[in-house]
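Using the sequences and the hints, build the whole thing.
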Amino acid sequence: MPHDAPEHAPGHAHDHDHAAIEADEPQGYYQHLAAATRSLLIEKGVFSAGDMRAMIEKIDERSPAVGARIVARAWTDPDFRERLLAQGKKTMKEEMDIDPVVADIVVVENTADVHNVVVCTLCSCYPVFILGRPPDWYKSYAYRSRTVRDPRGVLREFGTEIDPGREVRVHDSTADMRYLVLPMQPEGTEGWPEEKLAVIVTRDTMVGVAEAQAAG
Amino acid sequence: MPDYDNIRQQHDMGGLDKGPVAPSEHEIVLWEKQVEATMRLLSMREDKIVTVDELRRGIEELPPELYDTIGYYERWIMSLSNILVEKGVLGRAELDARVRDLEAGA
Amino acid sequence: MSAPPFRPRFGPGDAVTVSARFPTGRRHLRTPFYIRGKTGAVERVCGAYRNPEELAFGTYDGARLPLYRVRFDQAHVWDDYAGNPADTIDIEIYETWLEPAAAGDDSNAA
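Chains as they are written, first to last, in numbering that gives the first Met the number 0: chain A, 0 to 215; chain B, 0 to 105; chain C, 0 to 109.
Just so you know, these hints were derived from the structure itself, not from any lab.
Mixed in with the good hints there might be a few duds.
As the list claims (entries may be wrong) - Residues from chain B shown here face chain A by an in silico Cβ test under 7 angstroms; the list is partial: (1) I6; (2) R39; (3) L101.
To be verified - In silico BS3-like pairs for lysine-lysine, Cα to Cα no more than 27 angstroms straight-line: (4) B:K17 <-> A:K89; (5) A:K92 <-> A:K195; (6) A:K138 <-> A:K43; (7) A:K43 <-> A:K89; (8) A:K195 <-> A:K43; (9) A:K89 <-> A:K195; (10) A:K43 <-> B:K86; (11) A:K57 <-> B:K47; (12) A:K43 <-> C:K37; (13) A:K43 <-> B:K17; (14) A:K92 <-> B:K17; (15) B:K32 <-> A:K138; (16) A:K43 <-> A:K57; (17) A:K57 <-> A:K92; (18) A:K138 <-> B:K47; (19) A:K92 <-> B:K47; (20) A:K57 <-> B:K32; (21) B:K47 <-> B:K32; (22) B:K17 <-> B:K86; (23) A:K138 <-> B:K17; (24) C:K37 <-> B:K32; (25) B:K47 <-> B:K86; (26) A:K43 <-> B:K47.
Even glycine gets a Cβ: it sits at the ideal position worked out from N, Cα and C.
Right, here's the structure in full:
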C-alpha cells in the first residue's frame, strides 16, 4: 500500500476563499490531524511547545525585506556583488550575517540581455529564510506547470513584458540550491543610499516575475 | 514505448497547462504555521527524524484525487503524519484516537 | 572514516544528456519528466549532496553525489517553443541522471 490515508480524510473541493479563513473557524479534519500530530510529538519529548513557538517566530521574522537588503547592497557595492554571484550563501552569511538556512543560494543577475525567473515544478522550493514564506501563486499548479514552457506568457500575466530580443532564463529549483534573482537597478536611482534602494526591491522582483521600478 | 500517462507522477507537472496564474495571496493562519514549524523542527536537527525528501515523497504518494483537491498544508500534514507512522515515531492507533478525541471536543 | 574524494565526472561547459529513464513503483525523483532524454551543457558543479532518492526512504547516510546545474535551450526542450530562440532553462540534476552527450549532438546551450 503506497500510502495510509484514513477513510474519513475528506477530499473537499476548495471552493472557499482562502483569504476569508480565520484562525477561529471551525476545525476540520486536517486541523485536528495537525493538532494530534503536534501534541503527540510534544508528549513524547521530540520537541517542546517552546520549541514550536520559537520556530514559528524564527520563520515569521523572515520576509522579502531580508532579500531586499542583499540586493540593495549588491547594487551599491560592485565587489560585494561579484562575491555574491560567485558564492551566494557564504557572502550573505559572512558579510551581512544573513543565514539562508539552505545548502546554498544561487544568485542570478538580470541584465540588459538576460531576464531570470524562478519556479519549482516538482513542489514549491523557495528561499524562505531570505524571502519569507512563498506566496500562493508560487505554489499554484498554474505557475508550476506553465512557467517552464511559456515563461513569457506567465510573466505577461504578472504585467511583465520582456523584450523579445532579451533572453529569458528559467531556473527550475529541483534539488538542493535555492535561488535569488538580482534585479536590474532602475534608471534614475543611481546614488541612492542602500536603505532607500531596499524599499523598491519587492518580493516579485527577486523571484523574477517583475522588474524593479524606481517608483517602488 | 513507455506508457507516459501511467509513469508521469501527478506532482511532476512542468510543461503541462494548468491554466492562468491567479495572483493570489493569503495570510498564513496559525494551524498552517504550526504544521510548517512541526516539519522544520523534525528536519532541521542533527538526528533528522523526517527529511524534506520524505515529506515530499509522502505528498507524491497521496492519491491523485486528494492531491488535487486539498490545500497546501493539508497535503503537508497528511504526508508528515503518514511518514511518522511509517517510521514508528507515532502509532496509527494513538494518532487516530487523538484525532477522534479532538473531533469529539470540537 | 573520511569521505571519498570529490571527483565530479563533468565540468562546466560539458555537453550532457539526461537519462531517458522512467522508473515506476515507489519512488522520489528530482529529475523532471519533461527534461529526460534532453541534452544541455553543464553550467556549474554545485557540490556533493546526498541522493534524494535514498533520503526520501529513510537512508540518510548514503554516498554523496555530484550535483550540477545544466542549461538547456528552450527550443530544444519544447518542439513548439514560442519565445526567443535564445531562451534557456537551468535545472539541477544529480550525476546519476547524466551521460556524456553523443558526439555531434550540438543541441546543448552555448
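Of all the hints numbered above, which does this structure not satisfy? Sort the numbers upward.
Hint check: 1, 4, 6, 7, 8, 12, 13, 14, 22, 24 fail, others pass.
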